[in-house]
Amino acid sequence: MSDPFYDAGCCMNRRHFFSKLSLGIGGAALAFLMGCAQTSDQLAAGSAFRGILNSPHIAPKARRIIYLFQSGGPSQLELFDYKPTLQQRRGQDLPESIRMGQRLTDMTAYQNSLPLAPSLNSFAQHGNSGAWISDLLPYTSKIADELCIVRSMYTEAINHDPAITFFQTGSQQPGRPSMGAWLSYGLGSSNEDLPTFCVLLSRGLQRPQPIYSRLWGNGFLAALHQGVQFRAGGDPVLYLNNPPGLNTGDRRSMLKHLARLNEMHYDVTGDPEIQSRIAQYEMAYRMQTSVPDVTDLSDEPEATFELYGEAARTPGTYAANCLLARRLAERDVRFIQLYHMGWDQHSNLPSDIALQCKDTDQPSAALVTDLKQRGLLDDTLVIWGGEFGRTNYSQGTLTETNYGRDHHPRCFTIWMAGGGIKPGLTYGATDDLGYNITQNPVHVHDFQATILYLLGIEHERLTFRHQGRRYRLTDVHGHVVQDLLT
Amino acid sequence: MQRLIVTSATYRQQSEATPKLLELDPDNKLLARGPRLRLSAEMVRDQALAVSGLLDRTLGGPAVKPYQPGGLWQEKAGIRYEQGSGPDLYRRTLYTFFKRTSPPPSLITFDMPTRAQCVMRRQRTATPMQALVLLNDPQYVEASRHIAARMLGKETLEDQIAFGFRLLTGRSPDPSETKALQTLYTEQLEEFSKDPAAARQLLETGESQLQAGLDPVEWAAHTMVANALLSFDEVIEKY
Numbered sequence: 163m164s165d166p167f168y169d170a171g172c173c174m175n176r177r178h179f180f181s182k183l184s185l186g187i188g189g190a191a192l193a194f195l196m197g198c199a200q201t202s203d204q205l206a207a208g209s210a211f212r213g214i215l216n217s218p219h220i221a222p223k224a225r226r227i228i229y230l231f232q233s234g235g236p237s238q239l240e241l242f243d244y245k246p247t248l249q250q251r252r253g254q255d256l257p258e259s260i261r262m263g264q265r266l267t268d269m270t271a272y273q274n275s276l277p278l279a280p281s282l283n284s285f286a287q288h289g290n291s292g293a294w295i296s297d298l299l300p301y302t303s304k305i306a307d308e309l310c311i312v313r314s315m316y317t318e319a320i321n322h323d324p325a326i327t328f329f330q331t332g333s334q335q336p337g338r339p340s341m342g343a344w345l346s347y348g349l350g351s352s353n354e355d356l357p358t359f360c361v362l363l364s365r366g367l368q369r370p371q372p373i374y375s376r377l378w379g380n381g382f383l384a385a386l387h388q389g390v391q392f393r394a395g396g397d398p399v400l401y402l403n404n405p406p407g408l409n410t411g412d413r414r415s416m417l418k419h420l421a422r423l424n425e426m427h428y429d430v431t432g433d434p435e436i437q438s439r440i441a442q443y444e445m446a447y448r449m450q451t452s453v454p455d456v457t458d459l460s461d462e463p464e465a466t467f468e469l470y471g472e473a474a475r476t477p478g479t480y481a482a483n484c485l486l487a488r489r490l491a492e493r494d495v496r497f498i499q500l501y502h503m504g505w506d507q508h509s510n511l512p513s514d515i516a517l518q519c520k521d522t523d524q525p526s527a528a529l530v531t532d533l534k535q536r537g538l539l540d541d542t543l544v545i546w547g548g549e550f551g552r553t554n555y556s557q558g559t560l561t562e563t564n565y566g567r568d569h570h571p572r573c574f575t576i577w578m579a580g581g582g583i584k585p586g587l588t589y590g591a592t593d594d595l596g597y598n599i600t601q602n603p604v605h606v607h608d609f610q611a612t613i614l615y616l617l618g619i620e621h622e623r624l625t626f627r628h629q630g631r632r633y634r635l636t637d638v639h640g641h642v643v644q645d646l647l648t
Numbered sequence: 231m232q233r234l235i236v237t238s239a240t241y242r243q244q245s246e247a248t249p250k251l252l253e254l255d256p257d258n259k260l261l262a263r264g265p266r267l268r269l270s271a272e273m274v275r276d277q278a279l280a281v282s283g284l285l286d287r288t289l290g291g292p293a294v295k296p297y298q299p300g301g302l303w304q305e306k307a308g309i310r311y312e313q314g315s316g317p318d319l320y321r322r323t324l325y326t327f328f329k330r331t332s333p334p335p336s337l338i339t340f341d342m343p344t345r346a347q348c349v350m351r352r353q354r355t356a357t358p359m360q361a362l363v364l365l366n367d368p369q370y371v372e373a374s375r376h377i378a379a380r381m382l383g384k385e386t387l388e389d390q391i392a393f394g395f396r397l398l399t400g401r402s403p404d405p406s407e408t409k410a411l412q413t414l415y416t417e418q419l420e421e422f423s424k425d426p427a428a429a430r431q432l433l434e435t436g437e438s439q440l441q442a443g444l445d446p447v448e449w450a451a452h453t454m455v456a457n458a459l460l461s462f463d464e465v466i467e468k469y
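Each protein sequence line maps, in turn, to chains A and B. Counting from 163, one number per residue, gives the positions in the first sequence under the numbering used here. Counting from 231, one number per residue, gives the positions in the second sequence under the numbering used here.
Just chain B, with the same shape it has in the complex (with noise of 0.2 Å):
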């Protein structure tokens, strides 16, 4: 049933919609525009380990424990979470250990079930908590700084951006969009430019090593380019 309304005209149109059709039918239950939805946890961490090439695709195996704040075990139950390396941080979401006394916050955060009882459809919510996993948890951060260092591979500015646009969203910006991005780029790299240690420090959050031979202004310049992508809305949905 699932394959059925997956592949239907119905299901694979567009979700965009006029102000008209907005007004008459602002939920869709008349399916006149296609589904529109955000991503949930597993898929918003699962896509930014995917787009900046850090995502470890090894199948199954025991629970892993990726980057969480310190002292939340202990704060509660007086236990300490022993935080994971290399591979185990960037695994498929599905293989985090799952506690359910004090479960990964910024899987929660995101609508995740704590796994009390069966859910038989998530909530999918926007808070400003989810805002501050996406701009401050250093999972993010990290990935940030890898799709900006795959953006430094192509040549001009505009190239750049276009690239990890097209990255995060599967097309191409418009002008406007571009030129936004460009701006975003220019104010950062004037601020690093003041800073180069700073740049420094964004680049080392995380435990993966830096890349050789990019210029640390221009890269912490595009991961905030690349940060910023992650928080776009069309990057969190689906259309």
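Pulled out of the complex, with its shape left as it was, chain A reads as follows (with noise of 0.2 Å):
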């Protein structure tokens, strides 16, 4: 498929033009009134649209993402962190030495003691590389070395909404763009039938920790870079079905005359812009096709469901959202975005981490094998993980069979595969307690760096003004995490 950030020659855009200028308040609010800073990143050519950015920075190693948020913040301690040495401290109040003033939250932090809680579950190393994985994930444990395990992750902040945003957008007030929307807006379109960035929601068992369509949202920069959430049920994508009534025959009829006015109204104004407007409907029509043609699973083999789990068949849950994602990419749609909520567990731990682990340790582990299988993991990058990580300590009793754990900002893991990413190492380390990184921190900045590195971009070089500075993903900050690249 044809896509304008890899095929050289692209010219400047219009947005490119204006942010050179550089304009008052005044100046920009007669420009707004007269209409001279429209901002619509439509070339005239095509549907496609291109991205800021005439050509990459650097070499890119990947060219689409799939990033796999598992929303709540998954315990680390209970899935890649083994820490033998919590056994032994068991019921041990936390040592002021190792908390050193970190602030808690209302959950925990006016609790009597804080017992330190090793987890019930056991754990092995696996494949060549040796990763320490629990028997929670049996299938993500032979996928090991395929993995990138980044045990030393850590974030600014303690509470979900916050540490999400600062996640997906760089910053813990919402109100910027999200990485898809970045991504977008610098890469531009690599598809002519779908949306650049996808987005699609499932959820655990229990009640969880809402979210937000902010999330996916476009910030500051123009709606066109927004997440386009595909959903379960009737409409895969909103006001996506013709209105009762109206079969396909009849909107083709009333595009092609609607076009037919608009190509008219172009030959007297001249404007692009109707040009721009005429190939958003065309492609509005095809995506009536593609969406529904992306989402029936019914030409998948039963290979398929073998590999992802019966619950693929069923529209809306994670293992069907994986096989989904799959097949989005496949499709060459550049920020694939699922969420997984209710990982949050605060109580009854042990027995509500295993109904969150039977829901996605298969269907993630069969989306790496699948894309693998496909020769798509080398150029797509797989995402796995949350906001935060899980306390060494109870939130509420620790008896012999349940406790819980509170949110922990210091350290937690994530994985990553495919697209530029070492496969095979587990990367950082965290103390015995399991509280504070020991080796190679990662700060979420420098995950969104080496992110847009993999893709082909410079961090520091991707940016927006806006209120009268630039902007970008990491902000101020963030540096590429070289050790964990190929």
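Each hint should be verified, as a subset may be incorrect.
[Claimed, not checked] The calculated BS3-like cross-link candidates involving lysine-lysine, where the alpha carbons are at most 30 Å apart (straight line), are: (1) Lys-418/A with Lys-384/B; (2) Lys-520/A with Lys-584/A; (3) Lys-259/B with Lys-418/A.
Rather than coming from a laboratory, the hints here were simulated on the basis of the structure.
Using the hints, put the two standalone chains together into the complex.
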């Protein structure tokens, strides 16, 4: 498929032009009223649009991203960060020498004691790389050699909303564009028939933390760069279906004459924005076919459902969304963002996290396996991870069989696979009690800088001027973590 | 200052431009022509309500909950969106209830800011999602039906189309525009005559009552003409 970012020889677009002008507020107001600050990114040719970057800053290693966001904060101590020492210290209070004044959430700040809680799960080393993975993730264990497991992630936020917003937009305060929107803005579209930035939601069994549509919002960028949510049910994309009584032929006829009308208008005004609008209506019409085509799983063989699990047959499940992610990747969608809610185990952690893993382990691993089989893993980056980790002490009473864990920003684990990421690597380390990072810390902004780098972007050079200064995904921070790259 | 700008001769110029002018000054920095802007999200909706005669002009009062696809609040936060009825569906967009964690999709698609931060200048884009809203959102399908009913108040097809066109653009159509819309009407009429039940279904979109005494097939065909006009560049752009 044509991908303008990878095709050389792109011309400067209007926003690029305007970004070079410095307008005062009065000037901007005048420009606004006079209509000379139009910022549509569309160029007249075709409905695939170009990004702001004419060519990559560096050779891209990945063409697309599938981000399996595990919303709620999965416990690293139950899944990837094996801490035998915690067993010996079970029930002892978290020492202040370890806590070092770390602020806690109100949910445990006033607790009488902070009893250290070892995981009830058993860990083993897997693959040639010998990665430590718990028995909650039997399928993920089998693909250990594909994974780059980062045990030394840390963040600045301690509650869900700011923490997810930070991960996705680079700021804890709402209002910035999300990562997918930045990529759409920077790289343009890679696809004539589907949105560049697609979003899929699913939830675990318990009543999860909410999620917010601004997480896939365009912030101060154009609405063109908004993530488009795919939904289970009748209208896989909002307003996709024709109204009742209107068939495809009627719609085609109507759009044909509408295009004719707009073309006549273009002949008079000569404004290229009109051609852009015509192209958008063409794409809307194509989406009416291409979206049902990508969401209709009836052409998938039995083997697919053996790989992803039976749940993949039920629209709206995490398994179905992982399968859909692969289908979108096959059609060259640039950024595929999944959110799976339900990882917020403040209480009943042992039983609830097992349910979460049952829903997510097989499909996540299946996706990596499937992409590899299809030769797509080389240029698709898969990311698995939540917004923060969980405490090494119990929230609520620690018993033989039960405990909970509070939010913990100081260390947690994510994994990545594919597109330019070193496979079979476990990176970074935490202390024996699993509270602080002791080796190779990776900040959220470092993670973001690394993701952009893999797509050919130097994070300091993808900017947008807003409220008097240039903004970027990593704001004024972030370093590419070269150790993780092939 | 706004008044000074909008009453100036410069602002009131036509936005049409010769190819030479477009080439010399593509971004209108020299202000040799008038502004050409896509209407804001609120204006796009209010305009459709106004021209269809559906607009409820009541001032003030609590926010209202117009049409919104089902399940949007539910899937994010487990809360139900209790859609309004009657006049609540047709109030000015200013009064639309705004939940910041799940803002009205048909509005943010048209670059309405999500109210997370102050925005000095709105973006104005053209996207396929906007096309889908204008084509398929019940709000606009219903408005199209009411515009069509107004068009049917005229005797001849030519007058009906001229009326609808003028209603939406503020000018009379030229012969080629009339012809394009007549062909559209004829094609739709032919299709709906084969399936009057489908015509009926289309007309039943939205909660407002169907006016009596109109032929459903003609009405449905004109609904599609009106729907096309609502998407016409000249209608959602200011010239």
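Status of the hints after comparison with the structure:
1. Simply put, Lys-418/A and Lys-384/B have alpha-carbon atoms about 25 Å apart, close enough for the 30 Å limit, and the pair holds.
2. Simply put, Lys-520/A and Lys-584/A have alpha-carbon atoms about 27 Å apart, close enough for the 30 Å limit, and the pair holds.
3. Only pairs whose Cα atoms come within 30 Å are accepted, and Lys-259/B paired with Lys-418/A is rejected, the gap being roughly 34 Å.
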